[in-house]
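Chains as they are written, first to last, in the working numbering: chain A, 1 to 282; chain B, 1001 to 1298.
It is possible that part of the hints are untrue.
Only pairs whose alpha carbons sit at most 30 Å apart, straight line, appear in this in silico DSS-like list of lysine-lysine [stated by the list, open to error]:
| id | chain 1 | residue 1 | chain 2 | residue 2 |
| --- | --- | --- | --- | --- |
| 1 | A | K103 | B | K1008 |
| 2 | B | K1008 | A | K109 |
| 3 | A | K166 | A | K103 |
| 4 | A | K110 | B | K1008 |
| 5 | B | K1203 | B | K1216 |
| 6 | B | K1060 | B | K1044 |
| 7 | A | K166 | B | K1216 |
| 8 | A | K166 | B | K1008 |
| 9 | A | K109 | A | K166 |
| 10 | A | K166 | A | K110 |
Where chain A lies over chain B, by a calculated footprint (3+ residues, C-beta under 8 Å) [claimed, not checked]:
| id | segment |
| --- | --- |
| 11 | 1015-1022 |
| 12 | 1089-1101 |
| 13 | 1129-1141 |
| 14 | 1224-1234 |
| 15 | 1239-1248 |
| 16 | 1252-1265 |
| 17 | 1269-1279 |
Chain B residues, not near chain A, derived (Cβ > 10 Å throughout) [as the list claims (entries may be wrong)]:
| id | residue |
| --- | --- |
| 18 | L1052 |
| 19 | F1053 |
| 20 | G1055 |
| 21 | F1056 |
| 22 | F1063 |
| 23 | Q1064 |
| 24 | G1073 |
| 25 | V1145 |
| 26 | I1152 |
| 27 | G1156 |
| 28 | A1196 |
| 29 | G1202 |
| 30 | I1208 |
| 31 | H1209 |
| 32 | I1212 |
| 33 | P1217 |
No wet-lab data here; the hints were simulated from the structure.
All values reported here derive from a predicted model rather than from experimental measurement.
Here a beta-carbon is modelled for each residue, glycine too, at the ideal position from N, C-alpha and C.
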Amino acid sequence: MPARTPLQASRSILLHIALIVAAACSLVPFFWLLCASVKQGDDIFRWMFLPWTNLGSLTLDNFRRLFTQQNFGLYIVNSIFLSSMFTILVVSLSSLGGFALSKYDFRGKKPLMIVMLATMLLPAQVLLPSSYELIYHFGWLNSYLAILIPGAVSVFGMFLFMQAMKAVPDELLQAGRVDGCSEFRLWWEISLPVVRPMTGAYTLMCFLASWNSFLWPQIILQDERKYNLPIGLANMMGMPEYQTAFGTLMAGTFLSVLPVVVLFFVLQKDFIAGLTSGAIKG
Amino acid sequence: MMRATLWKLQARYSPYLFVSPFVILFCTFLIYPLGRSFMLGFYKTAGPRNQLFIGFDNYKFLFQDVLFWVAVGNTTLYVIMFLSIQIPLSLGLAILLNSTLVHARSFFRFAFFSTHLVGQVFVAVMFAQILSVRGGLVNGLLSLVVGHTVQINWIGDPYLARVSLVIASLWLSVGFAMIYFLAALQAVDQDLYEAAEVDGAGKWSRFIHITIPGIKPVLLFMILVGIIGAFQLFELPWVLFQQSTGPANAGLTIVSYLYVTAFQGGDLGYASSIGWMLVLIVLMIVGTFRVFGFGRDV
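Please work from the sequences and hints to get the whole structure.
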């Protein structure tokens, strides 16, 4: 590194001040959220962050109330179930379909891809009324089937895997065939490992999208015991005991956001490892 | 012999087998509802069971429907306010972060990007509290600055409600846009800057003549994504304004109007026609971008 001139040093300091201010704008709301969720009663209005003169008054009551007075535990379980099932379905369907589009020529492939491409630009919201009608006729209202089965269709995912699977060498597949691999195993044991880093990123994206999903589940789910976290929290916000629920609501938001951030942190390392190791060489 | 035939069959038919789950679901839950929604646009309905064919009346009514135009107006206003802050802010941050002088770049990158992991609903719940009149973070900080208690009604006032929406939306998306700009900046040819410096070009002219053309595809992409995202906005305002369209309908968007019409009013037909107007608007925006020659990038 070259020696620093005084001018450079002062520029560097200014630069870092600007970045720290910007980072604070991003991070302070998280910190404020955490603080609000461990304060009790009027402390929330009296102290902006923590009651510094009386830290003994901090409490976990808000979290306790979430699980005793609200169905929050149930919402978490529902959200975890819905998000994992959704992710598994979308990723397996898209990778299998994308593999077929990428590595085989079959009748109807061109028209299929053209129709798929044409639907990509459509705002999905136009489908809400007619999908609701369809689900109504299926008798799937208030059922998770209505969320998971239509949700398994991802044109974006199909194209993503189709593009990524082009990196799988045809010679490798041919060698697999000669060795007696079934076509299914060519997908599962040869092609999927090659696109593992991309699969990881896509898995995380799908999980996030489902974890944060609100509009369609809100339309479908009527029984409060089936709500996911976004619906549960949004409804808690509108409750009449709004004033007392302030801290509880913040505790709930904190718990909803935390797993996503942690998951991203953990998987971020996995992506890098996946990228550097590489499934095949040469 | 038998085994060999089976083996051949599985090789020939497996591609069909592999795409069929997708194709079946794609046709059932995307193609069929799409056609059906087009049909529904010509009906007046009360729930899924009562339907009356009314031809183009839904679309005729849409053009005189004040609420629909309020929604379009809200969205236009929002997109202008949002993009005119988001683009310069995230590009500026990316330029700062791209400097060779920066320490702990990955920390800053994570700090900026982390907000994007939070879903719209959670952001809305958070900002409803952060902007609340009593005990809110923003009023608290303002009180500190001014020296007396500030009680601004950020959410309840029809004008400030729009500002609140933009603030929450910026918090959610500035870091995300910054990541894109950062990647674009790193792809700009560094030799160009050196050559320009030799030729005596100032900082500003280097920014205008090298940086902007270099990142133009990403810049246009972010503007397009911003506009399309704005027209599809629903969760953020809906939850921020406590599952309503906001004070004096300041938080009414096209999608929330569709939602209210279909699922609170029960008119799936009229809601479908609102949906098709949304399709038309989005296609027009994308078309405009293409006509002006940004086609291949977008």
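Count residues of the segment 1239-1248 of chain B with a Cβ under 8 Å from any Cβ of chain A, then say if the count reaches three.
The restraint on the segment 1239-1248 of chain B holds, since 3 of its residues have a Cβ under 8 Å from chain A and three suffice.
Nearest-CB test (10 Å) between chain A and L1052(B):
15 Å, holds
Nearest-CB test (10 Å) between chain A and F1056(B):
17 Å, holds
Taking C-beta pairs only, is Q1064(B) more than 10 Å away from all of chain A?
It holds; Q1064(B) is separated from chain A by about 21 Å at its closest Cβ, greater than 10 Å.
Distance restraint between K1203(B) and K1216(B), which requires alpha-carbon spacing of 30 Å or less:
Roughly 18 Å separates the two Cα atoms, so the pair holds.
Consistency of the no-contact label for G1202(B), given chain A and a CB cut of 10 Å:
The assertion about G1202(B) holds, with a minimum of 16 Å to chain A.
Interface exclusion of F1053(B) relative to chain A, criterion Cβ beyond 10 Å:
15 Å, holds
So if I understand the rule, the pair passes when the alpha-carbon distance is 30 Å or less; does K109(A) with K166(A) pass?
Judged against 30 Å, a Cα distance of about 16 Å means the pair holds.
Beyond 10 Å from each Cβ of chain A, as asserted for G1156(B):
13 Å, holds
With a cut-off of 30 Å on the C-alpha distance, tell me whether K166(A) and K1008(B) pass.
Within the cut-off at roughly 24 Å; holds.
Do the alpha carbons of K166(A) and K110(A) lie within 30 Å of each other, as the hint requires?
17 Å, holds
Far enough from chain A: is every CB of that chain over 10 Å from the CB of A1196(B)?
With a cut-off of 10 Å, A1196(B) remains clear of chain A, as the shortest Cβ separation is near 20 Å.
Of the hints listed earlier, there is not a single one the structure fails to meet.
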